[in-house]
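> Kindly generate the complete structure, drawing on both the sequences and the hints.
Taking our numbering, the leading residue of the sequence shown gets 1, the next gets one more, and so forth.
Don't take every hint at face value.
Simulated DEER-style distance windows between Cβ atoms [said to hold, decoys possible]:
1) N79 - K16: 15 to 25 Å
2) Y22 - R44: 32 to 42 Å
3) D51 - L113: 36 to 46 Å
4) F91 - K52: 34 to 44 Å
5) Y48 - K99: 15 to 25 Å
6) E92 - K16: 32 to 42 Å
Think of the hints as simulated: they come from the structure by calculation, not from any bench. Heads up, the beta-carbon is just placed ideally off N, CA and C, and yes, glycines get one too.
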Amino acid sequence: MLDFFVKYYELAIRMKNIINMYTELNRKYPNIYGRDLRIDAIDRKDRYNDDKLFDETILDVVRIYYKQQTISIERYYENNWEIEDEDYIKFEDFREIGKILSIVMKHISRIELD
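Structure follows, in structure tokens:
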């Protein structure tokens, strides 16, 4: 039983900021009647945030899926990031996407990246 808690604690430490980001987004955008928001975080070893070996310190890409739109935040070099939309963004969604990006970037900026 102790092994379970040790592994859970280690996982929580490796994903502390990503977990905090999801917590804040879940509060702001609760899953009621289906959800228009989904986020995937991927590290430099191509492990997604639901992988127990995911390591936020080597975060490479965050993909935000909002309604039928995809916004990628990719690590360009060290602490420089590139934000790219993969679809056309509807004008009426700009405000919400801005709020989502603000929350995501707030938590990414707290990660001590390798």
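> Next, verify each hint and record whether it holds.
Taking the hints in turn, this is what the structure says about them:
Range check, N79 to K16: about 18 Å between beta-carbon atoms, so the 15 to 25 Å window is met. Between Y22 and R44 the beta carbon distance is about 20 Å. The supplied range of 32 to 42 Å is therefore violated. Between D51 and L113, the C-beta spacing of about 18 Å breaks the proposed range 36 to 46 Å. Taken as a hint, the range 34 to 44 Å holds for the pair F91 and K52, whose Cβ atoms sit roughly 40 Å apart.
Look at Y48 against K99: about 24 Å separates their beta carbons, and that is inside 15 to 25 Å. As the Cβ distance of E92 to K16 is approximately 34 Å, the hint placing it in 32 to 42 Å holds.
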